[in-house]
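A.B. asks: Below, each chain spelled out in residue letters.
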Amino acid sequence: EAQVTQNPRYLITVTGKKLTVTCSQNMNHEYMSWYRQDPGLGLRQIYYSMNVEVTDKGDVPEGYKVSRKEKRNFPLILESPSPNQTSLYFCASSSPQGSAPYYGYTFGSGTRLTVV
Amino acid sequence: AQSVTQLGSHVSVSEGALVLLRCNYSSSVPPYLFWYVQYPNQGLQLLLKYTSAATLVKGINGFEAEFKKSETSFHLTKPSAHMSDAAEYFCAVSDYGGYQKVTFGTGTKLQVIP
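Which chain is which? The protein sequence lines are Y and X, in order. Heads up, the first sequence is in the numbering used here, so the first residue is 1 and it goes up one at a time. Heads up, the second sequence is in the numbering used here, so the first residue is 1001 and it goes up one at a time.
Because the hints were derived from the structure by calculation, they are not lab data. Mixed in with the good hints, there may be bad ones.
[Stated by the list, open to error] Once the Cα atoms are required to be at most 16 Å apart in a straight line, the calculated EDC-like pairs of lysine to aspartate or glutamate come out as:
#1 X/K1101 <-> Y/D56
#2 Y/K18 <-> Y/E62
#3 Y/K65 <-> Y/E79
#4 X/K1109 <-> Y/D38
#5 X/K1069 <-> X/D1095
#6 X/K1101 <-> Y/D59
#7 X/K1101 <-> Y/E30
#8 Y/K71 <-> Y/E30
#9 Y/K69 <-> Y/E30
#10 Y/K65 <-> Y/E53
#11 Y/K71 <-> Y/E53
#12 X/K1109 <-> X/D1085
As the structure is a computational prediction, the values presented were derived from the model and not from experiment.
Chain X extracted, bound-state conformation:
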């Protein structure tokens, strides 16, 4: 069974500050892990994915995430927040390559304060 826990349904940061969105996963096999972003009134867009090739994964828009097996975590970070980063972010896990049963977390809304 696979599951994802996102800590914090709402996160606020100042513009230019570090963004840290937390995700912990549970999986019975080596997982495939994803971060998606959802802007208002839009579908989800893939930010980055972990598929065991490298533990530090770089995505679009300056985001990156680090896979830590010992902590079962896949936290999303960005060194300097921009106003355009305000959105909802979803962590997701799949035991099957990311294209069959994909389980999403409940999401974290990021607010960026000017």
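So here's chain Y without its partners, still in its complex pose:
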């Protein structure tokens, strides 16, 4: 089954303790992206990647790091989490228009992060 897999689904951590949220896709998609979802703010893009070793900042990159060493994986790293990073995080992947099939972003099920 074509899917984007995020782990963990739920995470409670303390301020300053480094953490990594993993994301993996099995569709051979070139493009991957991380979003955070907050009530009343919709989804805001954190980082995106157009291919291996190619990443760029989205709208809210502060406090986050990403890496794309393999095409299928796009982990999100919080070096020193703070309470304002408490949010619901989504990873998504896509393939460029022109290569079949193109259906827009496929989203993972989300990671609910709480930083205390």
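The hints should help you fit chain X onto chain Y, whose structure is shown.
C.D. replies: Here is chain X on its own, set in the frame of chain Y:
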């Protein structure tokens, strides 16, 4: 720069009534436009997308949206609401084909009243 405005954070309709969810966009180039749906405790699922091939776009679950350049709108409609349509709906815009920088609206929660 691209942006999306969704009018109405909450919309309530009766079962069987018309569903209309409003989306206006801003884009410096011909845009790619999307509607996504999010059911509780789930990720987002693509409903439909506009990529300039046709102004009226049909999606899954009986939804459709019409691209109106003069109004910079991409409203989502469904002729008859079902209870299963209750969810949050997000409009999104991209200047780059929909796979790089994608900007989402703040979402509209649809309530369907029996």
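A.B. asks: So if I understand the rule, the pair passes when the alpha-carbon distance is 16 Å or less; does Y/K65 with Y/E53 pass?
C.D. replies: holds (13 Å)
A.B. asks: Taking only the CA atoms, is the gap from X/K1101 to Y/E30 under or equal to 16 Å?
C.D. replies: With Cα atoms ~14 Å apart, X/K1101 and Y/E30 stay inside 16 Å; holds.
A.B. asks: Please verify whether Y/K18 and Y/E62 have alpha carbons no more than 16 Å apart.
C.D. replies: Within the cut-off at roughly 15 Å; holds.
A.B. asks: If you draw a straight line from the CA of Y/K71 to the CA of Y/E30, is it 16 Å or shorter?
C.D. replies: holds (7 Å)
A.B. asks: Tell me if the straight-line CA distance from X/K1109 to X/D1085 falls inside 16 Å.
C.D. replies: holds (10 Å)
A.B. asks: For Y/K71 and Y/E53, compute the direct alpha-carbon distance and say whether it is at most 16 Å.
C.D. replies: holds (9 Å)
A.B. asks: Checking one constraint from the list: CA of X/K1101 to CA of Y/D56, max 16 Å. Satisfied?
C.D. replies: Distance of about 9 Å is within 16 Å: holds.
A.B. asks: Checking one constraint from the list: CA of Y/K69 to CA of Y/E30, max 16 Å. Satisfied?
C.D. replies: Holds, at about 12 Å.
A.B. asks: Take the C-alpha atoms of X/K1069 and X/D1095, compute the straight-line distance between them, and say whether it is at most 16 Å.
C.D. replies: Holds - the C-alpha atoms of X/D1095 and X/K1069 are around 15 Å apart, at most 16 Å.
A.B. asks: Are the Cα atoms of Y/K65 and Y/E79 separated by 16 Å or less?
C.D. replies: Measuring from Cα to Cα gives roughly 8 Å; hence the hint holds.
A.B. asks: X/K1101 and Y/D59 were given as a pair; does the straight-line alpha-carbon distance stay at or below 16 Å?
C.D. replies: holds (9 Å)
A.B. asks: For X/K1109 and Y/D38, compute the direct alpha-carbon distance and say whether it is at most 16 Å.
C.D. replies: holds (14 Å)
The structure meets every hint from the earlier list without exception.
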